[in-house]
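Sequence lines, in order, name chains H and E.
Note that numbering that gives the first Met the number 0 has the first sequence beginning at 0, numbered continuously upward.
Note that numbering that gives the first Met the number 0 has the second sequence beginning at 0, numbered continuously upward.
Hints listed in this document are in silico derivations from the structure and should not be mistaken for laboratory results.
Since copy identity is lost for identical chains, a pair holds within one copy or between any two.
In the DMTMM-like style, the derived pairs of lysine to aspartate or glutamate whose C-alpha atoms are separated by at most 25 Å in a straight line are:
| hint | residue 1 | residue 2 |
| --- | --- | --- |
| 1 | Lys120 | Asp216 |
| 2 | Lys279 | Glu174 |
| 3 | Lys261 | Asp233 |
| 4 | Lys279 | Asp216 |
| 5 | Lys261 | Glu74 |
| 6 | Lys120 | Glu278 |
| 7 | Lys279 | Glu205 |
| 8 | Lys261 | Glu201 |
| 9 | Lys120 | Glu166 |
| 10 | Lys261 | Glu226 |
| 11 | Lys120 | Glu205 |
| 12 | Lys84 | Glu59 |
| 13 | Lys261 | Asp244 |
| 14 | Lys279 | Glu201 |
| 15 | Lys120 | Glu161 |
| 16 | Lys84 | Glu149 |
| 17 | Lys279 | Glu161 |
| 18 | Lys84 | Glu55 |
| 19 | Lys120 | Glu263 |
Number of protein chains: 2
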Amino acid sequence: MFQTVAIAGVGLIGGSFALALRRAGFQGRILGVSSPRTIERALASGAIDAGAALEEACREADLVYLAGPIHSILEIIPTIEQWLKPDALVTDAGSTKGRICAAAAGWQRGQFLGGHPMAGKEVRGVEAADASLFEGRPYLLTPVRPGQMESGAARELVQWIERIGAEPNVLSPEEHDRTVALSSHLPQMLSTALAATLGRNERAAEIAAAAGPGLVDSTRLALSAWEIWHDILDTNQPAILEAMDGFTAAWQDVRGNLASGKVERDFVIGAAFAQYLREKR
Amino acid sequence: MFQTVAIAGVGLIGGSFALALRRAGFQGRILGVSSPRTIERALASGAIDAGAALEEACREADLVYLAGPIHSILEIIPTIEQWLKPDALVTDAGSTKGRICAAAAGWQRGQFLGGHPMAGKEVRGVEAADASLFEGRPYLLTPVRPGQMESGAARELVQWIERIGAEPNVLSPEEHDRTVALSSHLPQMLSTALAATLGRNERAAEIAAAAGPGLVDSTRLALSAWEIWHDILDTNQPAILEAMDGFTAAWQDVRGNLASGKVERDFVIGAAFAQYLREKR
Numbered sequence: 000m001f002q003t004v005a006i007a008g009v010g011l012i013g014g015s016f017a018l019a020l021r022r023a024g025f026q027g028r029i030l031g032v033s034s035p036r037t038i039e040r041a042l043a044s045g046a047i048d049a050g051a052a053l054e055e056a057c058r059e060a061d062l063v064y065l066a067g068p069i070h071s072i073l074e075i076i077p078t079i080e081q082w083l084k085p086d087a088l089v090t091d092a093g094s095t096k097g098r099i100c101a102a103a104a105g106w107q108r109g110q111f112l113g114g115h116p117m118a119g120k121e122v123r124g125v126e127a128a129d130a131s132l133f134e135g136r137p138y139l140l141t142p143v144r145p146g147q148m149e150s151g152a153a154r155e156l157v158q159w160i161e162r163i164g165a166e167p168n169v170l171s172p173e174e175h176d177r178t179v180a181l182s183s184h185l186p187q188m189l190s191t192a193l194a195a196t197l198g199r200n201e202r203a204a205e206i207a208a209a210a211g212p213g214l215v216d217s218t219r220l221a222l223s224a225w226e227i228w229h230d231i232l233d234t235n236q237p238a239i240l241e242a243m244d245g246f247t248a249a250w251q252d253v254r255g256n257l258a259s260g261k262v263e264r265d266f267v268i269g270a271a272f273a274q275y276l277r278e279k280r
Numbered sequence: 000m001f002q003t004v005a006i007a008g009v010g011l012i013g014g015s016f017a018l019a020l021r022r023a024g025f026q027g028r029i030l031g032v033s034s035p036r037t038i039e040r041a042l043a044s045g046a047i048d049a050g051a052a053l054e055e056a057c058r059e060a061d062l063v064y065l066a067g068p069i070h071s072i073l074e075i076i077p078t079i080e081q082w083l084k085p086d087a088l089v090t091d092a093g094s095t096k097g098r099i100c101a102a103a104a105g106w107q108r109g110q111f112l113g114g115h116p117m118a119g120k121e122v123r124g125v126e127a128a129d130a131s132l133f134e135g136r137p138y139l140l141t142p143v144r145p146g147q148m149e150s151g152a153a154r155e156l157v158q159w160i161e162r163i164g165a166e167p168n169v170l171s172p173e174e175h176d177r178t179v180a181l182s183s184h185l186p187q188m189l190s191t192a193l194a195a196t197l198g199r200n201e202r203a204a205e206i207a208a209a210a211g212p213g214l215v216d217s218t219r220l221a222l223s224a225w226e227i228w229h230d231i232l233d234t235n236q237p238a239i240l241e242a243m244d245g246f247t248a249a250w251q252d253v254r255g256n257l258a259s260g261k262v263e264r265d266f267v268i269g270a271a272f273a274q275y276l277r278e279k280r
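Input sequences plus hints: build the corresponding full structure.
Structure, rendered in structure tokens:
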């Protein structure tokens with residue numbers, strides 16, 4: 000049973016995980032590792048019980064939740080092994096998993112289990128944290144060996160993920176990275192490319208003046224923060240380029256089908272997938 | 000002053016325009032031209048005062064609002080001129096304007112002024128009609144000659160558009176079609192192409208299981224009805240193909256920038272346009 004949970008990086012995701020744990024009945028202590036200003040806000044919001052230095056938090060925690068940016072997770076992993084309790088579970092919420100899981104693969108102490116909650120908001124920071132952020136959302140877990148899911152701590156993490164309303168889904172780090180390249184990184188690149196090409200258009204003001212709700216939806220992802228995407232692109236570039244090239248081929252097909260009056264099939268298949276996606280939820 | 004308004008095609012848009020007119024204080028009579036089943040529903044919702052045949056409605060109306068699909072607007076235009084009151088204004092809500100405005104260009108009786116409210120919903124039909132559908136949305140008007148906006152009836156239409164909370168915006172039919180090819184048709188084709196390529200992927204189920212809110216937003220337009228898009232693609236194909244080719248070039252640039260570590264600029268320009276779009280609203 001987790002008695003103490005340490006959240007390293009108390010932002011939107013880390014803060015929401017803490018609030019969600021509380022609402023789901025977690026009775027133990029939640030420590031936050033962040034800047035003094037963030038700790039102050041996290042204490043005020045009730046997300047954490049106390050702030051702590053990373054070393055102190057790792058020495059006390061049964062579950063360490065790394066919720067910072069990918070580059071900070073990659074920096075933290077090699078430093079914390081020495082401080083962990085022997086049975087401690089460390090998980091993270093980074094958006095790519097191959098490099099992160101590889102960084103912890105040699106650990107002799109504690110256990111690392113990569114994670115990726117498929118939830119987010121346009122706004123960041125602990126002020127936007129929300130106990131219901133994970134409700135109804137997939138929560139991907141990426142063991143490097145299937146047996147990893149059988150430890151007591153891993154089973155308990157899965158239970159908490161279910162209690163906060165998310166849907167745990169297990170796959171390898173490599174499968175994860177290829178899958179999210181298609182499900183998440185490709186839509187981001189399309190939204191950014193669409194917004195950038197319209198923004199560069201000499202008639203950008205007229206285009207914006209004629210925008211309906213469709214363009215607003217289509218450019219929502221383009222608002223995403225570059226600092227986050229820098230890390231994602233940096234740690235999943237080959238899979239993203241492959242997804243982009245696959246889209247280029249599909250786009251050329253759709254263009255050809257439009258020109259030759261045969262694009263109905265693309266609309267039917269696209270609508271079916273969009274509908275399927277919504278029924279899954 | 001409009002005493003009688005005829006709505007030909009009392010669906011989501013036609014029904015919402017009628018409800019919006021009422022809420023904005025229109026005191027005259029609203030006639031609906033649709034199938035008997037739709038007229039029954041439109042009467043029940045309070046959108047219209049009575050059903051009528053197209054000829055009867057056109058003989059009585061000061062404003063005729065063509066809200067059906069583009070192909071039905073194109074069929075109606077040549078038939079109704081003979082029935083119009085000499086000062087009647089006919090407008091429409093079709094999503095493309097070049098072909099529609101050209102069809103009425105030779106009218107000797109009444110006045111035709113093309114329109115395009117940039118509003119919609121995924122659901123269709125008069126049951127989904129909503130008096131606030133046009134609030135805060137652009138409402139494009141496409142005179143074939145600038146002087147057309149100066150007639151009494153055109154001025155009154157602009158006033159009603161403002162009273163229902165929409166923002167009138169005047170441009171030529173050709174400018175309209177090139178602009179919406181970028182602001183509306185390109186996002187639709189991207190959403191359809193994305194959903195179709197993921198739907199055709201052998202790992203479509205895993206991709207859907209890993210979907211976050213970004214993919215849901217990015218595939219919303221892919222749910223659009225083919226019947227509507229058939230007409231749009233059919234009447235604006237050259238401008239849409241041009242917009243698609245422009246996107247292909249931009250997409251290749253973004254791909255190259257990602258591969259060479261220079262994609263930050265695309266994120267910055269994309270985010271700025273997405274933000275600008277929202278501030279405009």
